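Student: Taking the hints into account, I'd like the entire structure generated from these sequences.
Listed below, chain by chain, are the residues.
Number of protein chains: 2
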Amino acid sequence: MKARVFVTLKSGVLDPQGAAIGAALGGMGFDGVNSVRQGKVFEIDMTDTDRPEAEARLDAMCKRLLANTVIEDYSIDLS
Amino acid sequence: MKARVFVTLKSGVLDPQGAAIGAALGGMGFDGVNSVRQGKVFEIDMTDTDRPEAEARLDAMCKRLLANTVIEDYSIDLS
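Residue numbers (the numbering used here), protein chains in the order written: chain A, 94 to 172; chain B, 94 to 172.
FYI, nobody ran anything at the bench for these hints, they're computed from the structure.
Model, not experiment: these values are computed from the prediction.
Check before you lean on any hint, since a few could be wrong.
Claimed, not checked - Each computed BS3-like pair below joins lysine-lysine, with the alpha-carbon atoms no more than 27 Å apart:
id, chain 1, residue 1, chain 2, residue 2
1, B, Lys133, A, Lys133
2, B, Lys95, A, Lys95
3, B, Lys156, A, Lys156
Stated by the list, open to error - Cβ-Cβ distance ranges computed for the label pairs, FRET-style:
id, chain 1, residue 1, chain 2, residue 2, range
4, A, Gly105, B, Gly125, 34 to 42 Å
5, B, Ala112, A, Ala153, 18 to 26 Å
6, A, Lys95, B, Asp152, 22 to 30 Å
By construction, the Cβ of each residue, glycine as well, lies at the ideal position given by its N, Cα and C atoms.
Tutor: Written as structure tokens, this is what we have:
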């Protein structure tokens, strides 16, 4: 079973990296970019076959390792 | 118009960061994780209202700045 986990900064948290990318895009002539925020994506290949169990395990992985839930949000996309 | 751009390493390219995360998950007791690969996600808020035009602009952004197409693949998700 393959999963994608997205980890992004919470909306109130400053993202200087994203701001730098937005400024760089503007400098390269790409107008009309209001904001850019950068996050991480993890592509995880698991042996689990049970969907709810896989979701629960991924949720635990996010809370314990993949995301810093003080400043980051995460979402799980199971395929 | 909001877009998500995913940038991931091509399948043949070594991903030591992903491998380290996979090993850490194993060490924390999460069995059955075959592989982990880490990538980047960019959340871009644009003023464009025309979908094909926005896609073309995002594609150009990826080729020129967001992705290193020698070692990375990208995909665009427009909402």
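Student: Does 22 to 30 Å hold as the CB distance between A:Lys95 and B:Asp152, or does it fail?
Tutor: 25 Å, holds
Student: Does the Cβ distance between B:Ala112 and A:Ala153 fall inside 18 to 26 Å?
Tutor: Holds - the Cβ-Cβ distance for B:Ala112 and A:Ala153, about 20 Å, lies within 18 to 26 Å.
Student: Taking the Cβ atom of A:Gly105 and the Cβ atom of B:Gly125, is their distance within the range 34 to 42 Å?
Tutor: 36 Å, holds
Student: Straight-line Cα separation of B:Lys95 and A:Lys95 no greater than 27 Å?
Tutor: Status holds; Cα separation ~26 Å.
Student: Are the Cα atoms of B:Lys133 and A:Lys133 separated by 27 Å or less?
Tutor: 5 Å, holds
Student: Does A:Lys156 sit within 27 Å of B:Lys156, going by the straight-line distance between their CA atoms?
Tutor: Violated, because 34 Å separates the two Cα atoms, which is more than 27 Å.
The earlier numbered hint that this structure contradicts is number 3, and it is the only one.
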